[in-house]
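Listed below, chain by chain, are the residues.
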Amino acid sequence: MGINDRVQEKSSVRLPDAKNLVLSSSPHLSSSADVRKIMLLVIFCMLPACGAGVWFFGLPALKVLLLSLFFCVGLEALWCFCAGKPVWGTIGDCSAAVTGILLALNLPPGVPFYVPLVGAALAIWLGKQIYGGLGNNPFNPVLVGRVGLLIALPALMTTWSPARGMAENYPEYQAFGMADPALAAGATSAPMELTTCATPLGVASTLPAPEAGKNRFEKIDNPSMWKEYFIGRQGGCIGETCAPALLLGGILLVIFNLINWRVPLYFAGTVFVLSGIVHFFFPQVTPTPLFHLLTGGLLLGAIFMATDMVTSPITGTGCLIFAVGCGIITTVIRIWGNYPEGVSFSILFMNALVPLIDRWFVKRPFGYTRRRREAK
Amino acid sequence: MSTLWIAAIVMGVLALVLGTAIGIFVKFFKVDRDPRIELVLELLPGANCGGCGRAGCADFAKAVVAGEVQPFRCPVSSREQVNAIAFALGVDPGDGFARRAVVCCSGDNRQTQMRKFYNGTIDCAAASMIGGGPKGCRYGCIGMGNCAHACPFGAIEVINSLAVVHQEICVGCGKCVDACPRGVIKLVPAQSEAHVYCNSPEKGAVKRSLCHGGCIGCGKCEKAFPAKFKKTGFLARVDYEAEELPTAEDVAQIKCPTGALATETRHYEAEKVSSRGGNK
Amino acid sequence: MNKSSRKVMSFTGGIHPVSEGKKLTDTHAVHTAPLLERYTVLVQQNAGKAPDVVVKPGDKVLKYQLLAKASGFVSADLHSPTSGEIAGIVEVPGPMGVPALALDIRSDGEDRACEIFAPIPEWRSAEPQVLLQRVADAGLVGMGGASFPTRVKLSIPPGKKVDTLILNGAECEPYLSADHRLMLESPCRVLEGAAIIGHLLGIQNIYVGIEINKHDAIAELERFSEDYGIRIVPLQVQYPQGSEKQLINAIVNRAVPPGGLPADVGCVVQNVGTAAAVSDAVTLGIPLVERIVTVTGKVLKDPGNWKLRIGTPVIKAIEFCGGITAEPSKLILGGPMMGFAQNSYEVPVSKNTSGILLFSRRRALNYSSGSCIRCGRCVQGCPMGLCTCLLATAIEGGRYDLAEQNHVMDCLECGSCAYVCPAHRPLVQTLRLAKAEIRRQRAAAKANGGK
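Chains as they are written, first to last, in this note's numbering: chain G, 5 to 380; chain E, -1 to 278; chain L, 61 to 511.
So here's chain G without its partners, still in its complex pose (with noise of 0.2 Å):
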């Protein structure tokens, strides 16, 4: 004030006083994004693949679905209550809906609710508060949830639904061996009302030795099935069957800059290349890439999960490695391990390398020539 009193003079333009100015580092513009844009548009792009969920398998994965979003909603809230933090300002960032909707669509339809309910806490807590919340927690926190349920309750996270229209194509089905054993019993020609069904990768890893001269996956892995599988006609998770909608969803999340694409591409295109040289060489070891890349988690965690912003590398070159070992180890975890799906767990473990991975992997910045590199 005493420097102002100073060199005021009288002015025809009134200002309000000058100690309301706003005193801040440069820049003083910023883009229109924020962390709530991100998140909302990020549950727009998982729309299409809920959408078909729900298509499949009807009411009970819609049951599932709001279950879950209000789980991961309300135990964040009871969370950030508890421990003090602004309630509506870390809900408000929508991440929580995120993961809820990202769990729902990791978990077999018609799971009761108390599985969505155990599984939002595992992710919500266990997976992200717990760290220090949104940006601080090293693993995915749908995939806490998801392979903690898996490990806790194993029966009630591999007893899937059959999706819709899988009853009306029953012959092609018959490997599946998914039929009511009463009703199977009963009548053998008419059509028959499913109740529990396998994914096509649990057939796969439970199917009997072939006999001489014969592919022993003929029955579940052949073009009218790939066809099948890709609209999205077989057991799995809500949210993971229906290829389109996931494809569409990745389409939008590339659109709208969320997503590294090649995060996607390398970890579904390293599943691919394994497989089939796996398959090229041994093709009574495991069925052909296209049944891979068609079938179980790939395209969901592909998409949806090894992309998550907060655990996947920075850079481009992080990206690259990420992906590719993503890939790797859900191939071997897909053939040689004891699980059929190996999605969850590879991208787990190598959220567990991305600090590693961001620290060795830095850009060249700008002006540094590699010879000038290996000179120092």
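I should point out that these hints are in silico values taken from the structure, not numbers from a laboratory.
Just so you know, nobody snuck in bad clues.
No farther apart than 30 Å at their CA atoms in a straight line, the calculated lysine-lysine pairs in the DSSO-like style are these: (1) E/28 with E/60; (2) L/361 with G/23; (3) E/270 with G/89; (4) L/358 with L/83; (5) G/23 with L/367; (6) E/184 with E/228; (7) E/184 with E/221; (8) G/23 with E/201; (9) L/495 with L/220; (10) L/361 with L/83; (11) E/201 with L/109; (12) L/495 with G/23.
Simulated DEER-style distance windows between Cβ atoms: (13) E/217 with L/78: 51 to 59 Å; (14) G/135 with E/67: 42 to 50 Å; (15) G/159 with L/469: 51 to 59 Å; (16) G/340 with E/9: 30 to 38 Å; (17) G/342 with L/421: 53 to 61 Å; (18) L/129 with E/181: 27 to 35 Å; (19) E/32 with G/140: 44 to 52 Å; (20) E/57 with G/41: 48 to 56 Å; (21) G/78 with L/107: 55 to 63 Å; (22) L/67 with G/364: 35 to 43 Å; (23) G/118 with L/421: 43 to 51 Å; (24) G/41 with L/457: 24 to 32 Å.
We put the beta carbon where it would ideally sit given N, CA and C, even for glycine.
Got chain G; can you put chains E and L on it based on the hints?
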């Protein structure tokens, strides 16, 4: 039954081999270390604060045993602890004033005109680079708690955007002095009961326009106790080099017009009370 | 040459800020400000050392008269913006937020000029040394923002050879249109200035880089560029196109090494405003006492470009624009990306003030302390290829050594990272803190090593 035997035998052999190995290593790879270092280390507080200027208590213990420094250099240890170390080693404990940190600023958010609209990193050093920080004064405490973070003993609390040192916890290690970008924190003899809570050498009128709590350089304290206070320009300071240091009675007698000269307890109480009032 | 088929140059990284800001002023012709009663001319208007004041309070001065003499190599002369009396040397709020010394000049209303040096119309036959001395005498500094004394920039260190002069007309900062108007209204001054600098350095290759959103300026300069042998290079609209290193990269595809100067790759970069000032100093013999300033912001009644004398308080500039219509929440000197926020309306205009911006609360970026979601947008946007978010995390954890290893010192502070950050983290401030701290540590280490 055989499994049990195998297990027992394996474990036994393992224990034997490892035990022998350890015995051999102890014998042949022994590091000669003065047992007195361990002893001194036991007697030291073990906070590894670095207040002595060494890398930690172990380093300090080594230096003390080697006779490079005197035990009193540990700012954390009490007189009795220092004497205990000196007695154990049979050396002179040395003599020095125990020191305390003082944040020489009374510019809390009631006294200074806070520019409320600082927007950015909550960090004193970063804030001081932008237009001189959130308070008008260029010399005072910024109040974003770099010192509080740096203090290994948790002795500094930021109340009303002003860092206040809890004298009963502070050991005078000096970590906060290095952390403060403004140099507001001073290490002073612990015997001094009162301090001048202002750090600005600016002219009295300028200071007054920015902060009601600052020293205006009226010289009342210097006139009353010329031996205890020193005024340079518009800022009076307690003469910490002097024989006698100001006491609470002196402060009561001087009646500093702005309250910049205050006793430690009075200063802390004032902040504490006003923070309660502010919360209502 | 077919203009439309020409390649539009650019660099990698960077951002594309909103274009709305420029529209506020880029069609407004430059007005000349009326004479004021008093000017508060900052003593230090250049990077480096402050010049020595050569006048005393009570002295009568004429317009263009020397007020302060350069005190060293990296310093610049200062001249009086008008005729009048020195009322005193006072402290005014400085553009960096801390009070700064200024000469308080009371205008006598006559605006009498003194001729301090003779024009050199025949500069083509003049000695380079004479021209360089003129540049120094006229008190020229870089007018883009850094205010580095031009004389220093044009004194090429021995052993370095420069073959290319690049004129920076990119004006990549949003909201600013001062250089745009300058190029449009006086293209010949800009080109002549460039030719003079070229002659001074003995350089034949002269380029003017202009972003393609200023197509009218490109066309205007191209009308005359043939006469001077200067090439006009259209550039992509991309921030920070006008940064020295990025501009050199875009136009001649050379990479300035880290910690190096443009002269290391044979280039000299000058702002178009500086070139125009060089032309004035040489052909007309007048020193730098006024400049074009964009006074803009939606809260202003009538934003526009003004030719303001140095020492004009910001409040007067706002007055010229008819005052305000809504309450401003931020006052910025310079561009919105790299300018400094002020908390006084009394800050005077100096030689490097390219813009005066008033932002409403809605427009101004509001930083928050939210945590990083590692989206990587800052990494994509960094023109220097730094992993900004990782650096910021390291710095917040006190790991300055890690930040230094990862090249935090190469940061331009251009603000691209904080612009795109969805969590609105104060990234530039964090990086600036680390740079200051590391510089301090290095100086301390040097001092210790010296002992």
